[in-house]
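Chains A and B, in that order, give the protein sequences.
Just so you know, my numbering puts 263 at position 256 of the first sequence, and the rest follows in order with no gaps.
Just so you know, my numbering puts 72 at position 65 of the second sequence, and the rest follows in order with no gaps.
A portion of the hints provided could be inaccurate.
As the list makes no split between identical chains, a pair holds if one copy fits it or if it spans any two.
[What the hints assert, rightly or not] Computed cross-link-like contacts, DSSO-like style, restricted to lysine-lysine with a CA-CA straight-line distance of at most 30 Å:
| no. | residue 1 | residue 2 |
| --- | --- | --- |
| 1 | Lys-30 | Lys-171 |
| 2 | Lys-103 | Lys-18 |
| 3 | Lys-284 | Lys-50 |
| 4 | Lys-108 | Lys-171 |
| 5 | Lys-35 | Lys-144 |
For the record, the hints were derived by calculation from the structure and aren't laboratory data.
Every value quoted in this text rests on a predicted model; they were computed, and no experiment measured them.
There are 2 protein chains.
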Amino acid sequence: MLKSYLESKRKLIDLNIELYLDKLVYPKVIAEGMKYSILNGGKRLRPILLLMVLELYGKKLELGIPTAVAIEFIHSYSLVHDDLPALDNDEYRRGKLTTHKKFGEAAAILIGDALLTHSFSIVTDKTKDVSYEKIVKIISMISRYSGINGMIGGQMVDIESEKKMVSLETLEYIHRNKTGKLLKLPVEIGAIISDASDDEYTALKRYSEALGLAFQIQDDILDIEGEFEKIGKPIGSDLELEKTTYPSLFGLIESKTILAKVIEEAKRSLDIFEKEKVQNFIQLADYIGNRDN
Amino acid sequence: MLKSYLESKRKLIDLNIELYLDKLVYPKVIAEGMKYSILNGGKRLRPILLLMVLELYGKKLELGIPTAVAIEFIHSYSLVHDDLPALDNDEYRRGKLTTHKKFGEAAAILIGDALLTHSFSIVTDKTKDVSYEKIVKIISMISRYSGINGMIGGQMVDIESEKKMVSLETLEYIHRNKTGKLLKLPVEIGAIISDASDDEYTALKRYSEALGLAFQIQDDILDIEGEFEKIGKPIGSDLELEKTTYPSLFGLIESKTILAKVIEEAKRSLDIFEKEKVQNFIQLADYIGNRDN
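Whole structure, please, built from the sequences with the hints as guidance.
Pasting the structure below:
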């Protein structure tokens with residue numbers, strides 16, 4: 008049930024991503040590179056989360072489409088830059104050549120820059136039924152959550168933490184910012200667009216925080232137990248980079264116990280909503296904890 | 008007279024840039040790197056242009072400060088990324104080590120990303136007396152002018168045009184986008200904030216387009232005739248990269264004639280304004296054409 012739901016929403020998101028991409032034509036290498044980077048078979052988890060919140064409130068999905076697409080552009084740019092030789096130096100992502108392997112390093116840097124820059128254009132471009140005040144609030148949140156005090160901050164500390172054991176506090180900072188912020192972002196924006204009450208906003212935010220942490224712990228676990236064919240990148244890269252992870256701090260078994268607890272926490276956060284209305288959110292939390300890619 | 012005007016405005020801009028930078032503390036390398044990259048003794052021409060338009064309309068400068076600072080953040084990010092080994096591979100800028108030489112390549116990529124991302128946060132953060140509708144319009148313009156259809160597009164075509172002779176049309180595309188768009192941007196935004204009439208808007212836009220072109224032609228000329236001590240980077244880099252420039256297409260003497268014409272055009276665009284009110288703009292056009300750095 009959840010799988011077909013996610014699949015139908017993924018298609019809706021991909022369709023809209025392509026509509027935005029179709030308008031970009033020149034310079035060809037940038038336009039093609041943006042398409043290549045973003046149309047990579049991603050799960051579209053972030054945009055889907057935004058749509059899920061809108062559905063919870065019975066809002067039209069159109070209200071959130073531009074922002075949902077914009078967030079995916081930002082997610083995509085972050086992968087393009089993270090894969091660069093100076094950073095993670097990855098050659099494959101989801102079984103395809105990474106952007107710099109395909110288009111060269113100079114173009115990949117600019118393609119990432121273009122994805123990031125264009126995301127803000129998308130948010131302003133078409134969100135017609137959302138007030139200007141809300142759009143400004145949304146843009147502010149996007150830039151804060153993806154900048155120095157968000158995703159970029161997490162990425163930098165992650166790099167600094169290679170080849171050494173770091174504290175749980177630092178590991179939590181990395182997780183909270185590097186992956187966490189961009190998973191919170193669509194949920195909070197969905198709540199803003201839907202005029203959620205303060206209590207509901209807090210509940211959804213807690214859910215997304217727990218979901219983000221679960222996502223990351225499972226990522227750490229998959230780096231040990233996963234299969235190349237499914238996750239589309241080499242196994243054991245954390246070990247190779249001597250990264251501190253949940254398994255390296257707590258061991259594999261304890262990490263799985265923590266993961267289970269965090270998933271329960273995510274579900275419990277939504278207790279203030281009628282249970283049948285948040286079925287998708289609950290199933291998604293379970294799915295995140297059991298995913299194999 | 009112009010010099011002291013520019014100097015006082017530069018100080019105002021620098022003060023405000025520092026106020027924004029002071030709020031950024033962690034991760035240290037990103038915060039320090041952003042400071043290092045943006046506080047590089049730049050002329051702040053773009054932010055000053057925005058303030059000049061506000062003054063022309065008797066508006067409070069505070070109305071434009073956040074956007075002016077944001078544009079300088081974007082200008083600074085573009086320099087950080089352009090200097091990277093995969094792109095221009097420059098070691099010095101304004102006589103100081105480039106960001107990647109100082110902080111390493113991985114950090115420099117992220118520092119550039121952080122400058123770009125944070126610029127949007129600045130625009131939304133504090134422009135209290137500008138309507139939300141205008142802020143959205145401003146953000147849209149910033150992202151369009153600095154993205155694939157603006158600065159990044161120009162930069163990509165510039166790279167593609169190395170080691171070959173390109174047409175005047177391509178050269179004009181590069182100039183119009185790589186440097187031109189970011190010089191138009193503050194002028195147009197100033198006109199939006201000031202509620203300029205359509206005619207005035209067009210006049211100011213033409214001025215900024217001519218100014219941008221003059222700036223670039225003079226840049227090409229300085230790459231041949233300039234002095235390292237003044238421009239802070241090696242002379243002759245265009246020749247070395249076999250770049251098409253105004254001098255390579257038209258020769259040095261004809262390029263200077265074109266430059267003089269473009270500067271006249273810039274000044275003439277402002278004929279609809281009372282002459283005494285646009286003295287600074289006129290002097291600035293002359294200054295751009297005669298600058299030695």
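Exercise for the section: Could you check the structure against the hints above and give me the numbers of any it violates, in ascending order? Expected result: none
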